[in-house]
Structure formats: C-alpha cells, structure tokens
Amino acid sequence: MTYSVTYQDETGASRMASISENDYLEALENDYLDLQRRYNARYVTIQKIHAEPGEALHLVVTVNAPSHYLTSLNDKAPKECRGMSVHIICYPGYPLKSVYAYYAPDHFLASPNVFRSGVACIDNWIPFTSSLTTVVDKLVHDMIHDPVVTRYDSMANGDMEQWHKSGVASRQFPTLPPKLLYVPDLPPRRPRHAAASRPVPPPLPPRKC
Amino acid sequence: MNSVLYNPDKLMTDRPLFHNRRVCVVGCGAVGSYLIEQLAKMGASPDAVDFDVLTLENAAKHSSLIRTPEDAGRNKAVCVSERVKPFLDQGCTSHGIDSDLCLLGPEAFADYDVVFAALDNFAAKVLLNELIRQLPPERRPLLIMDGTYGEMAQSVMLDNTEFCLRCLMDESWLKDSAVRTSCTSAPIRQNDGLAPIVRTSARASSLAAHLSTEQYRGYVTGAPGAMNRRLTYTAYPGLELRVSHPLPKRNCPGCAIQPPAHLRWLRGSVLTVSLREAMQQISEQLGTTDFELSVHRLHYKEVLHSCFIVTEYCRACGKPIRVLKHAGRTFPHHLLCLECNLHGKQPYLTSDLPRTLLYAFTPSCEDAIQDMTLFDLGYPLGAHIEVIERQGAFDLLDRDKIKTTFFALDEDHCQMRQIQKLSC
Numbered sequence: 080m081t082y083s084v085t086y087q088d089e090t091g092a093s094r095m096a097s098i099s100e101n102d103y104l105e106a107l108e109n110d111y112l113d114l115q116r117r118y119n120a121r122y123v124t125i126q127k128i129h130a131e132p133g134e135a136l137h138l139v140v141t142v143n144a145p146s147h148y149l150t151s152l153n154d155k156a157p158k159e160c161r162g163m164s165v166h167i168i169c170y171p172g173y174p175l176k177s178v179y180a181y182y183a184p185d186h187f188l189a190s191p192n193v194f195r196s197g198v199a200c201i202d203n204w205i206p207f208t209s210s211l212t213t214v215v216d217k218l219v220h221d222m223i224h225d226p227v228v229t230r231y232d233s234m235a236n237g238d239m240e241q242w243h244k245s246g247v248a249s250r251q252f253p254t255l256p257p258k259l260l261y262v263p264d265l266p267p268r269r270p271r272h273a274a275a276s277r278p279v280p281p282p283l284p285p286r287k288c
Numbered sequence: 109m110n111s112v113l114y115n116p117d118k119l120m121t122d123r124p125l126f127h128n129r130r131v132c133v134v135g136c137g138a139v140g141s142y143l144i145e146q147l148a149k150m151g152a153s154p155d156a157v158d159f160d161v162l163t164l165e166n167a168a169k170h171s172s173l174i175r176t177p178e179d180a181g182r183n184k185a186v187c188v189s190e191r192v193k194p195f196l197d198q199g200c201t202s203h204g205i206d207s208d209l210c211l212l213g214p215e216a217f218a219d220y221d222v223v224f225a226a227l228d229n230f231a232a233k234v235l236l237n238e239l240i241r242q243l244p245p246e247r248r249p250l251l252i253m254d255g256t257y258g259e260m261a262q263s264v265m266l267d268n269t270e271f272c273l274r275c276l277m278d279e280s281w282l283k284d285s286a287v288r289t290s291c292t293s294a295p296i297r298q299n300d301g302l303a304p305i306v307r308t309s310a311r312a313s314s315l316a317a318h319l320s321t322e323q324y325r326g327y328v329t330g331a332p333g334a335m336n337r338r339l340t341y342t343a344y345p346g347l348e349l350r351v352s353h354p355l356p357k358r359n360c361p362g363c364a365i366q367p368p369a370h371l372r373w374l375r376g377s378v379l380t381v382s383l384r385e386a387m388q389q390i391s392e393q394l395g396t397t398d399f400e401l402s403v404h405r406l407h408y409k410e411v412l413h414s415c416f417i418v419t420e421y422c423r424a425c426g427k428p429i430r431v432l433k434h435a436g437r438t439f440p441h442h443l444l445c446l447e448c449n450l451h452g453k454q455p456y457l458t459s460d461l462p463r464t465l466l467y468a469f470t471p472s473c474e475d476a477i478q479d480m481t482l483f484d485l486g487y488p489l490g491a492h493i494e495v496i497e498r499q500g501a502f503d504l505l506d507r508d509k510i511k512t513t514f515f516a517l518d519e520d521h522c523q524m525r526q527i528q529k530l531s532c
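First to last, the protein sequences are chains H and D. Each residue of the first sequence is one higher than the one before, starting from 80 at the first, in the numbering used here. Each residue of the second sequence is one higher than the one before, starting from 109 at the first, in the numbering used here.
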C-alpha cells in the first residue's frame, strides 16, 4: 500500500509526497520514541494503549498539573482538577493522514480550542510540518492553559474565550511554568544541515520620476 | 464480419487484428464520443464509463452518433454505447455504464486490453492512474490519454513501464484538481480565483480521438516506436504533427503506487456479497476470525477518505442521525435529517458534535453493517480489500506480528459487462 498526497506547505508551495507502508510505520515509531524522551515524567506521562481496529497507534497523554474541565455540551462553568488526559490516535498513512485527538466527552478540557464534544482542535494538518510531536506539544501546553498555543482566532468553544483571557490576565494561566513539562537535561539534537542560502538579487535601480 | 456494413474488399487487411478486442473509454464527452465511434468502426468492442449527462449546449462538440435534441438529458456512456451498436461488427459488443470513477476499483479494468482516458479533469486522471497502477503488470491494460486545448490535440500511449499518467501532469495543476479542463498539457490559468472557460472545438476533439486510435492501431499492429510516445497536433498557423517521448517525473507519487504483493480471491462481487459473507470466506481462507477489513481508502482531489460514518448529527438541527456511508460517498445533504432535507435547509460544517466513525470492519460489527453489501460499505466495484491480522499485536508498531493480505472478488470484472448504473 502506498500513500500519496499533494499538499500545500506552510509557504503555500505545492509539494508532492508518497510513502510506503514501511515509511509510515518508521515515521510513527520515530515520533513515538521522540515523545518518550522529550517530557518530564513527573508532569507528563505518555502511555500506549491497545489500538482498536483501524488504528495504528493509540496514546493517552496525561499532564499532572492543575487544569480545568467541562462535563457536557452545555457546561460553561470550568471546574478545577489536578490533571487532564487526552487520547491521541494515529491512523495508517501517518504523517500524510492527520492524527485525531479527543478528551473524554464528560471530562474534557476547558479551552477555546476544544470542541464541546471533547474533540481537540489541532489546526490545519500539513504533512511533514505537523506531526505527532507537534500535536502532543500543543496539547500538553493547552492542558496547563498556556496562552502561547491558544488560538483565539479559530475557536472551537467560544464560551471559553473570556474565561481563558481573564485567567491569563490574572496570571493564573499557565498553571505550571511550561519549561517544567520537559526533561531538564534533554540532550541537544544533532544540528541540522544548513539549507543552501538563496542568492540575493541586486537592488533595483532608483526610479526616474 | 458484418457484410452489410463492412465490405472486406474495401477495408484494410489488418482489420481482423482489432476484432473483438475489449477496450474501455472512460469519459464520453467531446473526445470520448468520437473515440467510441472510431473504435467500433475499427472492429473493437468498446465499453464506456461516464457519470455525466448530455446537454444541448455541448451537442455541437460531440460525435454525430448522438442525436440532437432527443438525447439531451441522457447519460453519456449509456447513450453513446447504444447509438454505436448499429456500427458494431459481428460478435462485438459495447456496454455503457453510468458511473462515477470513484465507484470503480482496479479489478474493474483488469479485463481490458486498453483503457482510454478521455477525461476532462485532473482529479479523475490521477485516480484512474492509481487504479491502473494497482493492477499487477500481467493484467494491467495499456493506457491512452488524450485531450485538447484550443485547436491543439494530443494523445499519449503508455504501458506504465517508463512513466505513469501522473508524470504527464504538473503537480501544481492538482492544487485545485477539481478545476475542469480538457487539456493534457497547458496549465490552468486562474483569474481572481476563477478558472476561465477552456475553449476547444469539435474538430480538435475528433482529432484527439484520431490520434488515440492511431496509437492504438500502432500498438495492435506492432508498429515500432509507438509505445510510450506523445502525439501532438498543432493547427495553423504552425501546422504540425509532432511525436515526442515523455520522461518520468522525479518523485512522482503515481509511480510509487504498486500492486499488492499477493492477492487472494473471494467468490462473488462487491455488489452482492455482504460483509458477513465476505468475512466468512476470509476466515475460511485465513483460518482465524481475528482480523479486520480496512475501510476503503479513496484518494480523490488530494483528500484521503478512509472512514465509514455510522452516526452523525444533522448539520442543520443537531438531531442524531444514522448515516451508514463511506466518507468518500458522503455529500453535505447526506448529513441532514429527513425533515431538514425536506425543508431544504442548508447544512453547516462543525466538529462540535460527537460522531461514530469506523476505520475498519471486524466480525464484531453491528448486524446492520454486517448485512450491508461491500459496495454499500464503500468498496468500489473491483476493489482490493486490505485485511489486517493483528495476531495479538498491541498496535501496528508491533510489526513482527502484523500480517496484511489483500483480497479481491472474482466476479467483479464480469460486472463491467452487465451493470448499467452504479450510484452511491
């Protein structure tokens, strides 16, 4: 089985990609290993659970830090809790196919970027730019209400906008310094190859008016 | 030979070579209708596939086989195959199928010698390429693609050994692959987000059909240097007929598509076999009931549709509804409840409400799903069905335990001669 797609990257350029069955499993394995080494186990736990039919990988990511949750479609009053868990599912065809993230429908994160059904909004999926790692990173920050990742311009739950903004204004959010989420002595990544510098065209001559 | 219509003394001596060869023309518009006429007159047995209907405004571009105004409103494929029947040689057949290409799978084309792609949009060409590439080389038909632009006409014949159909398309054209164009080479020009109408003439369309049938003739008669070539006819003032050799495209996603390594057969057709029956046959072959059928993956217009929608919420009133449709066959009006549909309400898009989606079918699926035919579950006619045995694996990263097998149904290809209409 081959998965292929033509997509627009973050610069708007059209790109094509095709990956084989082995490629996607390799990518999934690499990203999963990367997640395991990245986070501080005291605050973030990543657990694999049994994948259901049709799923390639099913993770439960738990943040052990103060957070807030809602309980139903019509609930507008966030309640405090000591931690939140989110389910993340990867499907065959990853990373060309987006991952799916959701909270329990009766215990979902109070956030402008989480739908009332409990489904987490993960923005546009751009293959090879978006990944399991970027999604988990956004979600763990969201679970401590870090405003750095909150998108007020594309809201899933508009009722949470004011509540979230006032929490940020009163410095209650984020509920944990975000750097504590990560392993303190994470070995630095191998430096990437520098992209070839583009030739700079000579400046245009001044206009003759 | 039908001696009333075909006098052998006045025809070429190589004519018997074409007799009764099965060819399929996908797209029966301006070019396709001429193609079917010529193929029938060559002595072949042309089948036709198209989902569209004939309109009066296009009557001047079609072959004269089509009657105006009587045929307006009829399905193109069904109509053309019916109109061509008087010209068929003895023993030859022509069958028209009213179907969207998305409803056909690779095995639907496995019986044909040649498939002609007379399509007017890039998304369909990409899909057809994918279907043909999924067939093993020994059962893979030749592909001849044609098209027009202005007064220019083109045709390319390929056997998928040097390049694929997608190699002939610039990937930037596929950004909005739904844009309709009948051109095989010129890029879409967009003006303020609107695609201008591509003007072509009936003459150019019939020329494109002539070029295609000439390539077909070259292939059948074994003309050297006919395969994997592009013929381009340019009209005055630069009148010319050019032969070129297209090159493969680097990193072409189309070329990366390979047929399944091993294909096993189930009895019946996706149109009649239910999920329950298919699972029974699969478990007999695999010797286990611990397996899952991946939901059909439809790549169309650069979107991967790979789930089956069980329940949704009415996109107008929010009432829960049962959809029971493959995502690739679900249109916005399918996501309305009966009442909202009757009142002509417009669906809105949201992810706010929970829905039930399936990515795989298992023996534990609910009865209503098990009783549905494979076709109704989203598998196209001639599908390759992926079956995964997890064998206790925790997830798909547990690679040593995972076993994947592909199945196809042995009567699917015969249905191409029997069915008149496929709809979702």
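Don't read these hints as lab results, they were simulated from the structure. Careful, some of the hints might be misleading.
Computed footprint of chain D on chain H, listed as stretches where at least three residues anywhere in the stretch have a Cβ under 8 angstroms from a Cβ of chain D [claimed, not checked]: (1) 104-111; (2) 116-130; (3) 133-142; (4) 171-185; (5) 237-247.
Note that the coordinates shown come from a computational prediction; the quantities given were computed from them, not determined experimentally. Quick reminder that beta carbons are idealized off the backbone N, C-alpha and C, glycines included.
Going down the list of hints, with the structure as the test:
A count of 4 residues in the stretch 104-111 of chain H with a Cβ less than 8 angstroms from any Cβ of chain D is obtained; the coverage claim is therefore met, three being the minimum. Coverage of the stretch 116-130 of chain H by chain D holds [criterion: at least 3 residues with CB-CB distance below 8 angstroms; count 3]. Counting residues of the stretch 133-142 of chain H whose C-beta sits closer than 8 angstroms to any C-beta of chain D gives 5, which meets the bar of three, so the coverage hint holds. Beta-carbon proximity to chain D at under 8 angstroms applies to 5 residues in the stretch 171-185 of chain H; the threshold of 3 is reached and the given coverage holds.
With a threshold of 8 angstroms between beta carbons, the proposed coverage of the stretch 237-247 of chain H by chain D is violated, since 0 of its residues qualify and at least three are required.
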